[in-house]
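**Student:** In order, the protein sequence lines correspond to chains A and B.
Start counting the first sequence at 0; every next residue gets the next number (numbering that gives the first Met the number 0).
Start counting the second sequence at 0; every next residue gets the next number (numbering that gives the first Met the number 0).
Derived by calculation from the structure, the hints in this document are not laboratory data.
Check each hint, because a few of them may be wrong.
Some chain A residues close to chain B (C-beta under 10 Å, calculated; not the full set) [as the list claims (entries may be wrong)]:
id, residue
1, Met0
2, Pro13
3, Leu28
4, Ala49
5, Ala50
6, Leu54
7, Gln60
8, Ile64
9, Phe153
10, Arg276
Covered by chain B, per the in silico footprint, the following chain A stretches (three or more residues, Cβ under 8 Å) [as the list claims (entries may be wrong)]:
id, region
11, 136–146
12, 200–209
13, 248–262
Label-pair ranges, simulated between beta-carbon atoms [said to hold, decoys possible]:
id, chain 1, residue 1, chain 2, residue 2, range
14, B, Lys198, A, Ser209, 45 to 51 Å
15, A, Arg208, B, Val35, 27 to 33 Å
16, A, Asn174, B, Val134, 55 to 61 Å
Just so it is clear, CB atoms sit at the ideal spot from N, CA and C, and this is done for glycine as well.
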Amino acid sequence: MVSFVCRRLFGVVPTLLVIVTLSFFLMRLAPGGPFDTQRRLPPEIQRNIAAAYDLDKPLYQQYFIYLDRLVHFDLGPSYRTKDFTVSELIADGLPVSARLGLSAMAIALLFGISLGTLAALRQNSATDYSLMSLAMCGITIPSFVTAPVLMLMFGVWGVRFLGYDISLPVGGWNNGAFANLVLPVTVLALPEIAIVARLVRGSMVEVLRSNYIRTARAKGLPEHLIVLRHALPPALLPLVSYLGPAFATILTGSLVVERIFAIPGIGRYFVEGAINRDYTLVLGVVIFYAAFILLLNLAADILYAVLDPRVRYQ
Amino acid sequence: MGAASDTTAIDRAFDVPGRSLWIDARRRLTANKAAVSGMAILAIVTLAAIFAPLLSPYSYDATDYGVISCAPDWWPGSIIACRAGGQHWFGTDAVGRDLFVRVLYGARVSLAVGLIATLVSLVLGVGYGALAGFVGRRCDELMMRFVDVLYSLPYIFLVIVLMVIFNRNFYLMFIAIGAVEWLTMARIVRGETLSIRHKEFIEAARAAGVGRFATIGRHVIPNVVSPVVVYVTLTVPNVILAESFLSFLGLGIQEPLTSWGVLISQGADQMGSAPWLLLFPSLFMAATLFSFNFIGDGLRDALDPKDR
């Protein structure tokens with residue numbers, strides 16, 4: 000077990016190296032640089048700036064300088080956001096993005112699992128079909144359509160429910176106030192709920208057909224115990240291996256959601272950084288996210304091996 | 000009675016025309032209402048996209064400052080600033096261009112991106128996966144290890160970097176998205192290839208002296224077609240979504256050309272005052288994505304021999 004984890008951890012290093020190398024050189028292929036401005040700077044000042052950021056050295060030297068810094072967990076200074084290092088920027092956006100993503104994930108799991116189980120228990124009934132068509136809607140309608148529609152409904156028109164005004168703010172973060180979280184988290188969670196529900200339904204239908212469930216029924220166990228204690232745990236196994244990709248999708252979705260709702264998270268830095276040629280910032284975010292996803296995949300693998308005794312550590 | 004009539008009975012039994020997997024599959028597919036309506040919708044959208052210039056008197060890039068963000072004539076409600084009139088069936092956008100034509104031109108781009116990027120992923124994925132699965136051993140391990148590495152890339156970030164670098168090059172976008180989507184395809188094909196590698200007909204081909212690459216091309220790939228077909232129909236909507244996602248971030252297609260993603264993002268900006276600008280592109284995109292998903296699900300049910 001320990002050696003399995005160690006080996007997988009070491010496997011992460013070459014993967015990260017590939018990612019760093021690929022993104023580093025790709026970024027540099029781009030025409031234009033981070034210090035191009037409307038007004039041309041005098042050549043001596045340009046030289047000074049380039050020297051200050053090591054941009055005057057040959058590319059391969061810059062690459063090794065970057066790697067050297069990276070090993071010391073230094074992502075370098077941001078080229079465009081003056082006086083900030085990339086680590087500071089990421090640390091600044093991370094709590095916001097994490098709060099957004101984790102809330103969305105929790106809601107997706109909660110609703111996805113319960114809806115998927117419900118659909119599986121009522122397989123081929125009207126409930127099943129309508130739930131699964133709803134799930135299909137959730138997958139096909141992109142977040143940048145649901146977001147403005149929800150904003151229009153809850154923000155602009157304002158919704159009254161049982162006499163209460165439940166209008167919600169349509170943007171901003173406000174230090175993570177609950178009202179500001181509702182819409183972005185919903186938008187982020189909707190497709191994920193749909194995917195999780197489909198997954199859980201599929202595996203649940205299979206599990207419910209298996210022999211030991213029939214045995215449990217034959218022994219006269221109450222239905223809720225059969226479902227909760229005997230069917231649900233094995234039915235959730237495929238979900239574990241979906242955990243890594245799920246977080247990747249939420250990160251991707253957060254690019255759009257953070258932009259639409261003007262939320263100061265990491266995703267916004269990334270898009271702005273790419274457009275501004277802020278090499279270090281973009282690289283930093285890519286590496287940070289890649290490491291995060293790699294570790295999550297690893298965690299999912301280990302969890303899977305722990306939960307499913309049939310999987311052996313190879 | 001005796002041996003003679005028995006043989007005729009057997010002969011008669013053999014006279015029943017054989018049903019191939021594909022005939023069976025087609026029958027099951029055409030019985031699936033969701034899949035058939037998906038195909039119908041897709042056919043209509045595709046035809047409309049191809050014949051877009053013939054369907055409307057307006058050009059996709061002609062601006063008309065007399066009708067800025069005007070509603071179509073049939074739009075309900077009275078507090079609308081202006082009516083587009085004429086043959087602007089879907090109203091007009093912020094610079095007075097006809098939305099109907101623009102939605103159809105957007106369909107051209109979105110469908111083209113979807114199909115071409117999927118084709119790229121198909122060629123790469125099937126070739127790579129079949130080779131890895133067929134050659135096996137160290138080569139397979141190395142090749143799939145490489146896929147694993149690429150799999151853990153936050154690919155949308157790389158696509159964004161690519162789009163920024165190459166200045167929103169139209170063709171590059173096809174390739175970039177396709178180059179990202181081939182990984183799953185390679186895994187599926189490799190798995191299938193591994194499972195048929197030791198079947199008798201492959202051995203027979205080898206015994207008959209068929210070369211390695213010819214075996215892959217003639218005998219392996221045709222036998223992994225059905226999961227690939229299913230995955231392809233499910234990749235197209237993903238690619239269309241990816242393109243619209245990039246366009247939404249402002250990294251996709253550039254004006255005056257358009258795609259559904261661009262139209263939706265522009266519509267979202269004016270949603271409060273001109274909701275039709277969001278409604279029609281979203282409807283077209285959702286209908287298309289639905290169709291592809293229904294066809295994919297239908298194909299999976301039709302081609303899965305387990306369900307017979």
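**Student:** If a hint holds in the structure, say so; if it does not, say that too.
**Tutor:** Hint-by-hint comparison with the structure:
1. The beta carbon of A/Met0 comes no nearer than 21 Å to any beta carbon in chain B, farther than 10 Å, and the hint placing it at the interface is violated.
2. With its C-beta approaching chain B no nearer than about 7 Å, A/Pro13 sits inside the 10 Å limit, and its interface hint holds.
3. Residue-level restraint check for A/Leu28 holds (minimum Cβ-Cβ distance to chain B is 5 Å; threshold 10 Å).
4. Interface restraint check for A/Ala49: the shortest CB-CB distance to chain B comes to about 20 Å, outside 10 Å, so the restraint is violated.
5. At its closest, the beta carbon of A/Ala50 sits 24 Å from a beta carbon of chain B; the interface hint therefore is violated under the 10 Å criterion.
6. Violation of the interface hint for A/Leu54 is found here, the shortest Cβ-Cβ separation to chain B being roughly 17 Å, above the 10 Å cut-off.
7. Restraint check, A/Gln60 versus chain B: the minimum CB separation of about 21 Å is more than 10 Å; hint violated.
8. Look at A/Ile64: its Cβ only gets to about 20 Å from chain B, farther than 10 Å, so that hint breaks.
9. Because the smallest distance between the Cβ of A/Phe153 and any Cβ of chain B comes to about 13 Å, over 10 Å, the interface hint for this residue is violated.
10. For A/Arg276, the interface hint holds, the least distance from its beta-carbon to any beta-carbon of chain B being 8 Å, beneath 10 Å.
11. Residues of the region 136–146 of chain A lying with their CB closer than 8 Å to a CB of chain B number 8, which satisfies the three-residue condition for coverage.
12. As drawn, the region 200–209 of chain A meets chain B at 0 residues by the rule of a beta-carbon pair under 8 Å; below three, the given contact is violated.
13. Here the region 248–262 of chain A counts 6 residues with a CB under 8 Å from a CB of chain B, which clears the bar of 3, and the coverage holds.
14. For B/Lys198 and A/Ser209, the Cβ-Cβ distance of about 29 Å falls outside the hinted range of 45 to 51 Å, so the restraint is violated.
15. Between A/Arg208 and B/Val35, the C-beta spacing of about 29 Å keeps the proposed range 27 to 33 Å intact.
16. Range check, A/Asn174 to B/Val134: Cβ separation about 57 Å, and the 55 to 61 Å hint holds.
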